[in-house]
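If you read the sequences in order, they're chains Z and E. Here the first sequence stands for residues 1 to 457, where the numbers follow the numbering used here. Here the second sequence stands for residues 1 to 457, where the numbers follow the numbering used here.
With a Cα cut of at most 20 Å, we get these calculated SDA-like pairs of lysine to any residue:
#, chain 1, residue 1, chain 2, residue 2
1, E, 455, Z, 246
2, Z, 336, Z, 364
3, Z, 220, Z, 230
4, Z, 177, E, 427
5, Z, 340, Z, 373
6, E, 249, Z, 332
7, E, 220, E, 253
8, E, 177, Z, 422
9, Z, 177, E, 441
Pairwise CB distance ranges, derived in the manner of DEER restraints:
#, chain 1, residue 1, chain 2, residue 2, range
10, E, 348, Z, 245, 16 to 26 Å
11, E, 245, Z, 427, 34 to 44 Å
12, E, 377, Z, 102, 26 to 36 Å
13, E, 233, Z, 245, 25 to 35 Å
14, E, 323, Z, 330, 29 to 39 Å
15, Z, 205, E, 377, 53 to 63 Å
Covered stretches of chain E, going by a simulated chain Z footprint (3 or more residues, C-beta under 8 Å):
#, segment
16, 268–280
17, 311–324
18, 419–427
No wet-lab data here; the hints were simulated from the structure. Here a beta-carbon is modelled for each residue, glycine too, at the ideal position from N, C-alpha and C.
Protein chains: 2
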Amino acid sequence: MKLFFEPESVALIGASSNEFHPGYQLFLNLRDCFGDDCYPVNPRIDQLDGSTCYPTILDVPTDIDVAVVFIPAKAIPQALEQCAQKGITRVVIESGGFAETGPEGLAIHEKCLKIARQNNIRLWGPNCMGLINVTQMKVLSFMKQFLWKDKFIKGSVSLVVQSGMLSAGFLTAILNKTPFGLSKVASIGNKMDVDESDVMEYLISDPDTKVIAMYLESIKDGRRFYELCRSTDKPIILLKSGRTELGAKAATSHTASLAQNDSIIEGMLRQAGVIRVFDMNDLMNTARCLGISRVSKTTSSGRLAVLTFSGGAGVVATDSLADHGIELASFPTALKKGLKTVFPDWMDPENPLDLYPAVEKNGPGKVYLHCLEKVLNDPGVDGVFMHLFSWFTQQSTVSFEKVATLAEKQNKPIIAWLLGGAESNLEFSQHLESLGIPVVDEISKGVRVLSALIKGR
Amino acid sequence: MKLFFEPESVALIGASSNEFHPGYQLFLNLRDCFGDDCYPVNPRIDQLDGSTCYPTILDVPTDIDVAVVFIPAKAIPQALEQCAQKGITRVVIESGGFAETGPEGLAIHEKCLKIARQNNIRLWGPNCMGLINVTQMKVLSFMKQFLWKDKFIKGSVSLVVQSGMLSAGFLTAILNKTPFGLSKVASIGNKMDVDESDVMEYLISDPDTKVIAMYLESIKDGRRFYELCRSTDKPIILLKSGRTELGAKAATSHTASLAQNDSIIEGMLRQAGVIRVFDMNDLMNTARCLGISRVSKTTSSGRLAVLTFSGGAGVVATDSLADHGIELASFPTALKKGLKTVFPDWMDPENPLDLYPAVEKNGPGKVYLHCLEKVLNDPGVDGVFMHLFSWFTQQSTVSFEKVATLAEKQNKPIIAWLLGGAESNLEFSQHLESLGIPVVDEISKGVRVLSALIKGR
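Extracted from the complex, chain Z is given alone in its bound form (with noise of 0.2 Å):
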């Protein structure tokens, strides 16, 4: 795999002259990335924006480590031939028209397939976004660049997605929107030969790669995907489409995808440790705030305290923290002495702790502060979901360096869920986030984060 995601020199098979079309994309992408090691092959064109166009990549006059390819799918076998002649190893097929538009497509995928076995050649795709390695900003995609220049910033997080439109667009909404760091993306489409575990392999060792998240609307070798899985202490999160019957038979005609039956996948994914989301928001959140938060895969019993301005919070926190078998962690006398001292009389500190009645006498600064230190130095307390109101709690007032470092010491995790006002949220979340600590903008959302971190599933 490392040589799809690390190439010196790649041919681009389909390069075309017409703005609209994918292979003149390609070809924007790809010389931007590759310079003069990038060759576009079209016989019917000498030249493009300045390079010279050759016929076929037997023309080309170099070794090529990958061959990129958008041409109609009927016209692939051949130029498969083309480049086992030329001893390229890697292709990249990115135009459709294979196994997913039924018989006569099924052909032209089984004898690309056999040209591949007997020439030693691996293929990626086809009908897919093809894959960026972000690290070294190589772009093996037709992603138009408006959608991935300045919007893609390096990271840890790295995305196998068996979509193109998801790999491109909604990621790039999402980006725009939130944006996070990014190490591989790899769109794999109806994988052919190389599917969602060779993928997973290399990103596995890939040291740049901390959190892998994942689409598949299908999942290729069970048993290897499972011991992957179970060999890494990388959070590995997936969405997997075609739960139902009818997501199943839409799944066929997307990318060609077999029915497997969900509850044989579901215990397969729980024992291998695998994070399960159910929508693509949730998918590219907690991988998001996976790979800001600075706790490892933890080993305690997963005890919360929930930290809240709002009573009502803190109950629909503990139900939805209930729903995923996460428990609260009960106040020991000695922690609820030591938060006592910042509330009024009346009220006895119990978890959930709703921390207004102590704001309203105290202010936010010294309550938070006062709150979170305790509980984070109580050792039934696993965790810590902390709810702030960016409107009322100024961020200067809390020192969430000094709460940062003692959860990272201690490697509990927080997480944090803000309310407020767009200018004042945008503020806190990149402070705290800066601070190893991810913001949510909704309580289910932490939750399903939370439950990342401390179950691991």
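Add chain E to chain Z, keeping to what the hints say.
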């Protein structure tokens, strides 16, 4: 209830000159809304920002529709006696320190209730944010002015909330992000006397209320609640917390709510046609969308068409619809033929329908309009889940007016899931929602709204 929501004159027992005290916020709000018909009461001050302060309610020189009370719990029974003497029949107690704090508070609770019963006084609260009639802009709440001024716009959604912060902070934060129109906001707290059914009965008969959304920690009179829900066509959306054992315990210390068996409640809600949600964002978003949609509760069998720009999103949406027991319409041959004209040869239109290949061929404007009209005109399609990508679908290119009119005429809901950049999304949303097409930013949210519109739960 009408007198609570539409009073002409109010007294404020516990008016405060301390700007950090809720008694001062209450004074500001009441004076803003009632002018000279707002009478502050406080024995320790003569004047408050130029208004005369009366030592007791008995000194107020006129009749009063509603007394709002914010004084320590132990002083309230005496104040209530005086309200009775004065002939006041509606009292809103917003201060806490009652049954939620233990035996002493419970004794005060009993005492207040006895006085009220003996004197035909209806008691609202205690331990709540009071109520706001947005239609008439009457604010009987200590909510800070910056939280409601400008942000509360008139509309058709009414809220009943058993939690202070949720009705204030959370609601305002949501409105700040996605403004929507409100009719009445009721924070009912401990429900000493007035409960959710009392308020719901009023809202059902209120011509300005189209949608009722509730956050409750308990349901006081299940039978009455059930019958009220059954009696109306207005959608009722409920977030009932304290569902789990732990959550119920937390609810008790929050608003003295008693634990209730959730499976019994679940059955009751299902039969009553209540739309149940499990997160606060879901509560608000579902209410907002139902307020926007011009479709009335349908009696159709609810077979949907999914029109998407992403095969993957189509599969995820299909799974999510199946989770809610919603079926996809099966496209008859005539419909497929009609759709086919904008698709490339290799693609046979199926439901979920991936428009992308057609968009590549014919542009988004033509394709969306063509396919929306075709599916809406098919008698086997009861509604449409439409996915849009604002970055490539220019708003001006699709004549959504035409589509919206058609959908409204046929009483078929359309919900749009919108992806793209912040600016283009905002423009798109405002346009679509002005046409009665609600826009969501997450597939699962759209499915929840569709489920509410189609199945009434």
